[in-house]
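**Q** So the chains spell out like this:
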Amino acid sequence: MTATAPIGLSDLRSYLHGLPGVDKVGVEARAAALGTRSVKTSSKAKAIDLAIRMVDLTTLEGADTPGKVRALCAKGRRPDPADPSVPSVAAICVYPAMVPVAAAALAGSGVHLASVATAFPSGQAPLEVKLADTRAAVAAGADEVDMVISRGAFLAGDYARVFDEIVAVKEACGSAHLKVILETGELATYDNVRRASWLAMLAGADFIKTSTGKVAVNATLPITLVMLEAVRDFRAKFGRQIGVKPAGGIKNTKDAIKYLVLINETVGDDWLDPAWFRFGASSLLNDLLMQRTKLTTGHYSGPDYFTLD
Amino acid sequence: MFEYAPAPESRSVVSIDSSYGLFIDGEFDAAKEGGVFKTVNPADEEVLAEVASAGPEDVDRAVAAARRAFPGWAALPGAERAKYLFRIARIIQERSRELAVLESLDNGKPIKESRDVDLPLVAAHFFYYAGWADKLPYAGFGPAPRPIGVAGQIVPWNFPLLMLAWKIAPALATGNTVVLKPAETTPLSALFFADVCRQAGLPPGVVNIVTGAGDTGAYLVAHPDVDKVAFTGSTEVGREIARTVAGTGKRLTLELGGKAANIVFDDAPIDQAVEGIVNGIFFNQGHVCCAGSRLLVQESVFDLVLESLKRRMATLRLGDPLDKNTDIGAINSAAQLARIKQLSEIGGQEGAERWSPPCELPDRGFWFAPTIFTGVTQAHRIAREEIFGPVLSVLTFRTPAEAIEKANNTPYGLSAGIWTEKGSRILAVADKLRAGVVWANTFNKFDPASPFGGYKESGYGREGGRHGLEAYLA
Numbered sequence: 001m002t003a004t005a006p007i008g009l010s011d012l013r014s015y016l017h018g019l020p021g022v023d024k025v026g027v028e029a030r031a032a033a034l035g036t037r038s039v040k041t042s043s044k045a046k047a048i049d050l051a052i053r054m055v056d057l058t059t060l061e062g063a064d065t066p067g068k069v070r071a072l073c074a075k076g077r078r079p080d081p082a083d084p085s086v087p088s089v090a091a092i093c094v095y096p097a098m099v100p101v102a103a104a105a106l107a108g109s110g111v112h113l114a115s116v117a118t119a120f121p122s123g124q125a126p127l128e129v130k131l132a133d134t135r136a137a138v139a140a141g142a143d144e145v146d147m148v149i150s151r152g153a154f155l156a157g158d159y160a161r162v163f164d165e166i167v168a169v170k171e172a173c174g175s176a177h178l179k180v181i182l183e184t185g186e187l188a189t190y191d192n193v194r195r196a197s198w199l200a201m202l203a204g205a206d207f208i209k210t211s212t213g214k215v216a217v218n219a220t221l222p223i224t225l226v227m228l229e230a231v232r233d234f235r236a237k238f239g240r241q242i243g244v245k246p247a248g249g250i251k252n253t254k255d256a257i258k259y260l261v262l263i264n265e266t267v268g269d270d271w272l273d274p275a276w277f278r279f280g281a282s283s284l285l286n287d288l289l290m291q292r293t294k295l296t297t298g299h300y301s302g303p304d305y306f307t308l309d
Numbered sequence: 001m002f003e004y005a006p007a008p009e010s011r012s013v014v015s016i017d018s019s020y021g022l023f024i025d026g027e028f029d030a031a032k033e034g035g036v037f038k039t040v041n042p043a044d045e046e047v048l049a050e051v052a053s054a055g056p057e058d059v060d061r062a063v064a065a066a067r068r069a070f071p072g073w074a075a076l077p078g079a080e081r082a083k084y085l086f087r088i089a090r091i092i093q094e095r096s097r098e099l100a101v102l103e104s105l106d107n108g109k110p111i112k113e114s115r116d117v118d119l120p121l122v123a124a125h126f127f128y129y130a131g132w133a134d135k136l137p138y139a140g141f142g143p144a145p146r147p148i149g150v151a152g153q154i155v156p157w158n159f160p161l162l163m164l165a166w167k168i169a170p171a172l173a174t175g176n177t178v179v180l181k182p183a184e185t186t187p188l189s190a191l192f193f194a195d196v197c198r199q200a201g202l203p204p205g206v207v208n209i210v211t212g213a214g215d216t217g218a219y220l221v222a223h224p225d226v227d228k229v230a231f232t233g234s235t236e237v238g239r240e241i242a243r244t245v246a247g248t249g250k251r252l253t254l255e256l257g258g259k260a261a262n263i264v265f266d267d268a269p270i271d272q273a274v275e276g277i278v279n280g281i282f283f284n285q286g287h288v289c290c291a292g293s294r295l296l297v298q299e300s301v302f303d304l305v306l307e308s309l310k311r312r313m314a315t316l317r318l319g320d321p322l323d324k325n326t327d328i329g330a331i332n333s334a335a336q337l338a339r340i341k342q343l344s345e346i347g348g349q350e351g352a353e354r355w356s357p358p359c360e361l362p363d364r365g366f367w368f369a370p371t372i373f374t375g376v377t378q379a380h381r382i383a384r385e386e387i388f389g390p391v392l393s394v395l396t397f398r399t400p401a402e403a404i405e406k407a408n409n410t411p412y413g414l415s416a417g418i419w420t421e422k423g424s425r426i427l428a429v430a431d432k433l434r435a436g437v438v439w440a441n442t443f444n445k446f447d448p449a450s451p452f453g454g455y456k457e458s459g460y461g462r463e464g465g466r467h468g469l470e471a472y473l474a
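Protein chains in written order, with full-length UniProt numbering: chain A, 1 to 309; chain B, 1 to 474.
Be a bit skeptical, because a hint or two may be false.
[Said to hold, decoys possible] Dumping the calculated DSBU-like pairs for lysine-lysine here, alpha-carbon to alpha-carbon at most 35 angstroms:
hint	chain 1	residue 1	chain 2	residue 2
1	B	445	B	38
2	A	254	B	310
3	A	24	B	38
4	B	445	A	40
5	A	40	A	254
[As the list claims (entries may be wrong)] In silico negatives: residues of chain A with every beta carbon more than 10 angstroms from chain B:
hint	residue
6	21
7	41
8	47
9	62
10	85
11	120
12	243
13	254
14	272
15	306
Hint data in this document are derived by calculation from the structure and do not stem from the laboratory. Just so it is clear, CB atoms sit at the ideal spot from N, CA and C, and this is done for glycine as well.
Can you build the whole structure from these sequences, using the hints too?
**A** Below, the structure is given as structure tokens:
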């Protein structure tokens, strides 16, 4: 399917506001209930490997250097140097300036290279700048682009502007996959999360992503649940499958498994795959490795046994 | 779907004796006539224990013990009675894992529910009424409300320990003493509660537990020295009790059956409404008097709701009640299973369309797959009679007035649910529903501070909250 919206731009408002509402108490209760699932032994081992394969290993710091990015890429390719049975992560996620370094370090590995773009994290730049940012990242070798939406425009009800921006960035991406960051922590309500999800999908997003990781509230289970429901319903209606990426604040294996349970019992098998679900995370990986070692050896190793990046 | 490995809660946290006596005057004691009955685990039909069956003489002894204890208990300052109740609440919290496993073994409910719903609510109920014990003069029932005397209480098998808490906590807080009869199929948690009372140092005779079948209950209700009767159970038995008690001057509260309407309007938050529908009818295998067993869906969203509901039902996990990931446990008894099967067959014969998700039932024990019937009309028996199982009747409506009319068109009136994002509609509809509890955008939510009880054939009197004190005060 192309990026063309199946509905007219002028109808966006009535369309988005015509979606069923989200009851806050109910969605939080459902997410909490799923969070009590007990995933142990063999299913835990399976979940950990799947979670590792879903990690978008990320570094988005002003202090990033080529050396650090190269180290991160090496880690992404082979997360545990001591154990070759550990799978690679899904992607490395960096700022556009670091894309050339990462592209060289990842060449031939099968690990995807994602770059944030469009004046990440605030999105407060003219459209031309955002598009140039995107094109530069893709030209330098990024095959996935994580863009941010203009939350200001969205909250002001200017859905058409947000829509047009996504369409334009999608076009600038060319063949690269587009992940649209909704920055749910700034959208304030679950109703808005649902509307922003649909808006991004209608505009041609390949993935919808919760957060930049740079604001106070990042990925949460109930927010991800609302987004999973959105991709489920969108596919049922338009036949196109969209991926979901919670990012920020997912720090340990227990949390990651809760997300997998959420997928398992909301949208099912089709999304239990790195092609359709990612974790935007950095410290999560080491906890996954630590728990994996614990499961295979029966004891915990100290943090020094796992590389820092 | 990725399968979860078995995650059973350990059975070893609870040690069940091979036999139990009656708890009278602070001591466990065999029944005088020596009668016993067996209680089984409904998930595998294993016998858990033999329990004494109380005859008339035993009930006499229990009532006499309660009578002897009454003056001393009633004369205690409220703050002193509160200390015992607080102590009981804390012991229940400390022993909650043990009691949750026990409850799941004897009742068949999933451990996730006994652990996360039953036991926390049991403790909360004792904490709540402990708080009232020294404030009774300010409860709105006169400046010096008095306890009534000896309360004869009969509780059902669906929430054995929780219903016990609903009965015993307010009775004790107000200064009454009690003789309680748990249900025949689920006597164990009440007997463990007796041990909690001993652990708390509760004076002998304040709480007495007599186990047995319907005869034991009938004798307790008719006992001339019982001043107050409280019953939770079927409308049929409730009627009998009302007849027995009529004209005796005994006080009576009844919490009986229900056939609650769960009304989904077209502007409802659909995903959460579906959760509410599932919770409303499949919570505790539908063994819930306030279960949302009649789903009323606005026609314009019928297809959407039904499709979502079926998809959601396909994820329900039925099986070992002690597995932490089980959503649907065992049906409590062979007799109840037979009734659910019978009414479900009638539903099919009357022309409703039956659907269950693919669901493998264990070979042993009592099991019934979650089931919905569509194409149900008000005239169908499955829309009128309480099934008390995981069976949902789905009906449709076009206007709010029709929804209200259908919701109220039942001899029962215990609970109802409304799903809409429109606040004014919630208020307008709730106002016209003849049900004791109306939930808006939620279902099966309980809190000790909130009164609970029915209209019409769902009974009379209120349990819980400040209102719950009234039944135990003169």
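**Q** Against this structure, judge whether each hint is valid.
**A** Structure-based check of all given hints:
no.: 1; hint: B:445 x B:38; result: holds, 33 angstroms
no.: 2; hint: A:254 x B:310; result: holds, 29 angstroms
no.: 3; hint: A:24 x B:38; result: violated, 46 angstroms
no.: 4; hint: B:445 x A:40; result: holds, 30 angstroms
no.: 5; hint: A:40 x A:254; result: holds, 11 angstroms
no.: 6; hint: 21; result: violated, 4 angstroms
no.: 7; hint: 41; result: violated, 5 angstroms
no.: 8; hint: 47; result: violated, 7 angstroms
no.: 9; hint: 62; result: holds, 39 angstroms
no.: 10; hint: 85; result: holds, 19 angstroms
no.: 11; hint: 120; result: holds, 31 angstroms
no.: 12; hint: 243; result: holds, 18 angstroms
no.: 13; hint: 254; result: holds, 14 angstroms
no.: 14; hint: 272; result: violated, 6 angstroms
no.: 15; hint: 306; result: holds, 25 angstroms
In terms of the numbered hints stated before, the structure departs from hints 3, 6, 7, 8, 14, listed from lowest to highest.
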